[in-house]
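These protein sequence lines map, in sequence, to chains V and P.
Take the first sequence: its position 416, counted from the start at 1, is 416 in our numbering, and no numbers get skipped.
Take the second sequence: its position 81, counted from the start at 1, is 81 in our numbering, and no numbers get skipped.
In case anyone wonders, no lab produced these hints; they're calculated from the structure.
All C-beta atoms, glycine included, are put in the ideal place defined by N, C-alpha and C.
Each hint should be verified, as a subset may be incorrect.
Said to hold, decoys possible - Restricting the straight-line Cα-Cα distance to at most 30 Å, the calculated cross-link-like pairs of lysine-lysine (DSS-like) are: (1) P:22 / P:248; (2) V:239 / V:433; (3) P:121 / V:428; (4) P:184 / V:398; (5) P:22 / P:188; (6) V:79 / V:28; (7) V:135 / V:16; (8) V:45 / V:163; (9) P:248 / V:398; (10) P:56 / V:355; (11) P:9 / V:428; (12) P:137 / P:188; (13) V:428 / P:29; (14) V:322 / P:29; (15) P:153 / P:124; (16) V:111 / V:45; (17) V:423 / P:18; (18) P:228 / V:398; (19) P:121 / P:137; (20) V:398 / P:247; (21) V:423 / P:248; (22) V:20 / P:22; (23) P:165 / V:398; (24) V:428 / P:22.
Stated by the list, open to error - Chain P regions said to be covered by chain V (calculated; three or more residues, Cβ under 8 Å): (25) 49-60; (26) 200-213; (27) 217-224.
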Amino acid sequence: MTVDTKLPYEKDYVSKFSEKRNEPEWMKSLRLQALELTETLPMPKPDKTNITKWNFSKFDHDVSGQEISSLEELPEDIKVFLDMENKNGNLVIQRNESVAYKSLDASLQEKGVILTDLQSAIQEHSELVQRYFMKDAVSIDENRLTALHTALMNGGVFVYVPKNVVVEEPLQAIFWQEDPKVGSFNHVIVVAEENSSVTYVENYISHNQDEEAVANIVTEVIAHDNASVSFGAVDNFAKGTTVYVNRRGIAYRDAKIEWALGQMNDGNTASENITHLIGDNSVSQAKAVTVGRGNQIQNLTAKIVNFGLNSDGYILQHGVMKDSASSVFNGIGKIEHGASKSNAEQESRVLMLSKDARGDANPILLIDEDDVTAGHAASVGRVDPIQLYYLMSRGISKQEAERLIIHGFLAPVVNEIPIQSVKDQLTKVIEGKVN
Amino acid sequence: MAGSTLEIKDLHVSIDDKEILKGVNLTVKGGEFHAVMGPNGTGKSTLASAIMGHPKYEVTSGSILLDGEDVLEMEVDERAQAGLFLAMQYPSEISGVTNSDFLRSSINARREEGDEISLMKFIKEMDASMDYLEMDKNMAQRYLNEGFSGGEKKRNEILQLMMLKPAIGILDEIDSGLDIDALKVVSKGINKLRSETFGCLMITHYQRLLDYITPDYVHVMMQGRVVKSGGPELAQRLEAEGYDWIKKELGIEEETVEQNA
Chain V
1 MTVDTKLPYE KDYVSKFSEK RNEPEWMKSL RLQALELTET LPMPKPDKTN ITKWNFSKFD
61 HDVSGQEISS LEELPEDIKV FLDMENKNGN LVIQRNESVA YKSLDASLQE KGVILTDLQS
121 AIQEHSELVQ RYFMKDAVSI DENRLTALHT ALMNGGVFVY VPKNVVVEEP LQAIFWQEDP
181 KVGSFNHVIV VAEENSSVTY VENYISHNQD EEAVANIVTE VIAHDNASVS FGAVDNFAKG
241 TTVYVNRRGI AYRDAKIEWA LGQMNDGNTA SENITHLIGD NSVSQAKAVT VGRGNQIQNL
301 TAKIVNFGLN SDGYILQHGV MKDSASSVFN GIGKIEHGAS KSNAEQESRV LMLSKDARGD
361 ANPILLIDED DVTAGHAASV GRVDPIQLYY LMSRGISKQE AERLIIHGFL APVVNEIPIQ
421 SVKDQLTKVI EGKVN
Chain P
1 MAGSTLEIKD LHVSIDDKEI LKGVNLTVKG GEFHAVMGPN GTGKSTLASA IMGHPKYEVT
61 SGSILLDGED VLEMEVDERA QAGLFLAMQY PSEISGVTNS DFLRSSINAR REEGDEISLM
121 KFIKEMDASM DYLEMDKNMA QRYLNEGFSG GEKKRNEILQ LMMLKPAIGI LDEIDSGLDI
181 DALKVVSKGI NKLRSETFGC LMITHYQRLL DYITPDYVHV MMQGRVVKSG GPELAQRLEA
241 EGYDWIKKEL GIEEETVEQN A
């Protein structure tokens with residue numbers, strides 16, 4: 001039996017949805033074009049995981065959430081992601097795909113920095129959004145889910161940093177799915193113009209244990225010449241949400257894109273994080289950690305493609321698996337012909353905490369150029385009894401020793417998260433999931 | 001307060017069904033420094049590991065008592081909490097766990113909940129001990145033993161010893177791989193602990209450690225047993241004459257465990 005992935009959404013619905021949002025013609029026609037493509041395009045086929053029976057069709061689409069006038073109004077479980085003492089002035093909070101709160105330092109506004117919800121950006125910076133939305137990074141016709149994403153896109157954030165502007169303070173977005181059935185077709189665009197630099201951190205939060213919902217997320221990061229983007233994320237969708245998340249980076253000459261992804265969803269998740277090192281000397285580090293629990297199935301792909309000369313890609317994936325959870329970690333380093341002096345490194349490690357859990361580390365190097373360096377390390381194993389012995393020999397209990405080893409194992413991403421409150425939250429989420 | 005007493009009686013230990021220790025008897029009391037010497041492969045490190053509870057070593061018979069309590073009945077962490085400490089020959093590297101977080105967890109593990117060491121006090125103690133051992137301060141924030149040189153690992157073991165203040169410290173070849181300056185610093189740290197409440201069991205096959213840390217008792221191990229005990233003069237004779245005279249005296253042809261298993 002296959003679940004019907006055909007949608008209850010027709011052309012008429014999509015047109016009206018776009019009109020209701022006063023979208024420009026280009027956006028509406030792109031949505032309709034994408035909707036048509038959903039009829040013919042195949043589903044994405046993550047390596048070694050069959051997602052054809054996953055729920056991608058049951059969700060509420062046209063939803064809204066109330067604005068808040070002060071951060072104090074937020075419930076505690078959302079507040080914890082914010083630094084309430086030194087309030088971050090660069091923040092967008094989205095509630096059920098509607099903007100609940102947004103602010104950006106005046107000094108950054110003066111420099112031309114944009115941090116706003118995508119819906120407003122489409123109104124206020126239509127040309128700029130049109131220039132980047134599903135263009136250089138992800139395209140609408142990659143698969144049925146990217147097409148569907150485009151047709152039904154109902155939220156997201158637009159970040160734009162002009163030439164030569166260095167944004168010191170991190171920009172933060174919180175995507176809060178308050179309604180348990182809300183479908184998140186969130187689209188995030190981060191554009192860093194020449195010689196600019198920005199750090200962006202996002203959190204996805206939902207609480208639906210039994211109610212089913214879908215998250216179909218596309219993120220596009222564009223780092224122009226000599227720009228630097230540091231992208232941190234904590235995905236924390238609850239068990240009821242099926243997640244497809246496609247995060248794509250494009251790095252031009254001398255640009256750098258660093259990903260630190262805490263993939264802490266509790267539901268089935270297919271994630272692809274792909275970075276194209278287009279320009280010479282471009283660099284990307286893609287680090288991701290996950291904790292799988294229950295009978296959750298995950299397919300996590302990290303891929304860096306070297307096109308530019310002397311470009312450098314590093315992938316790190318660490319996963320902790322417990323209960324009957326099952327995860328496939330695909331690490332793909334690809335060096336295109338002509339990308340000489342390039343480097344592709346990767347490390348995938350899986351720590352198994354139960355005998356019923358499954359973890360596959362699947363390292364792949366595809367190299368079409370001679371004068372390059374590449375390497376991979378992959379391992380699947382249990383907590384090392386000698387490490388446990390060492391920690392316990394100092395009086396630390398077995399449980400605490402295991403906790404230290406697991407947190408240490410996930411530290412490569414936790415330590416990269418630039419906002420302390422988010423880092424603390426990620427640590428707490430990990431704590432909650434492994435214990 | 002009088003020190004603790006560690007009693008090892010007729011201890012037999014196997015690894016992978018091969019008997020390494022064949023009846024070791026040894027008693028270490030608070031205030032005493034014991035050196036266990038002997039050529040390689042005679043079971044010295046096995047003794048240290050068996051006392052601490054290394055998962056690969058199986059005690060097949062005999063007993064280990066700490067102040068009359070059965071150590072063999074205790075989990076590894078309970079042995080540490082009871083007052084035992086082993087400075088290991090090959091400490092594990094643990095990625096992602098900082099040296100200072102690890103040390104603080106270790107100290108708090110032996111304190112009651114609600115009575116944890118304050119961060120200020122901890123940092124002060126750690127700084128002082130690191131200064132004493134001439135350690136680079138940034139080692140506090142480095143991951144536990146990860147990428148440490150051999151010498152750094154040994155100093156780090158002694159740092160833990162100084163901060164955890166056990167009743168009985170066992171040092172497994174703490175001198176191996178140390179140059180003379182590092183050996184002096186490490187010895188200085190160990191000597192600082194000398195008191196009525198601290199007993200020490202040093203395992204080494206070099207006399208040179210004993211030039212810096214004077215033992216009260218010296219024991220020689222061969223074939224998985226303590227074959228000779230004496231005072232510091234025994235170590236000096238071993239340094240001057242080697243082990244052959246003991247073998248001759250006891251009629252031992254091959255000192256290692258391997259040949260006799």
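For each hint, the structure was consulted:
1. P:22 / P:248: 20 Å, holds
2. V:239 / V:433: Holds, at roughly 12 Å.
3. P:121 / V:428: The given pair, whose Cα atoms are some 26 Å apart, holds under the 30 Å limit.
4. P:184 / V:398: 35 Å, violated
5. P:22 / P:188: With Cα atoms ~34 Å apart, residue 22 of chain P and residue 188 of chain P exceed 30 Å; violated.
6. V:79 / V:28: Violated, because 35 Å separates the two Cα atoms, which is more than 30 Å.
7. V:135 / V:16: 24 Å, holds
8. V:45 / V:163: Answer violated: residue 45 of chain V to residue 163 of chain V is near 38 Å, above 30 Å.
9. P:248 / V:398: 47 Å, violated
10. P:56 / V:355: Holds, at about 22 Å.
11. P:9 / V:428: 47 Å, violated
12. P:137 / P:188: At roughly 18 Å apart (the allowed maximum being 30 Å), residue 188 of chain P and residue 137 of chain P satisfy the hint.
13. V:428 / P:29: 45 Å, violated
14. V:322 / P:29: Violated. Residue 322 of chain V to residue 29 of chain P sits at ~45 Å, over the 30 Å cutoff.
15. P:153 / P:124: 21 Å, holds
16. V:111 / V:45: At roughly 43 Å apart (the allowed maximum being 30 Å), residue 45 of chain V and residue 111 of chain V break the hint.
17. V:423 / P:18: 49 Å, violated
18. P:228 / V:398: Violated, because 38 Å separates the two Cα atoms, which is more than 30 Å.
19. P:121 / P:137: 16 Å, holds
20. V:398 / P:247: This hinted pair is violated, its Cα atoms lying about 43 Å apart.
21. V:423 / P:248: 66 Å, violated
22. V:20 / P:22: 86 Å, violated
23. P:165 / V:398: 21 Å, holds
24. V:428 / P:22: 49 Å, violated
25. 49-60: With 4 residues closer than 8 Å to chain V, the region 49-60 of chain P meets the three-residue bar; holds.
26. 200-213: violated (count 0)
27. 217-224: Violated: only 0 residues of the region 217-224 of chain P have a Cβ under 8 Å from chain V.
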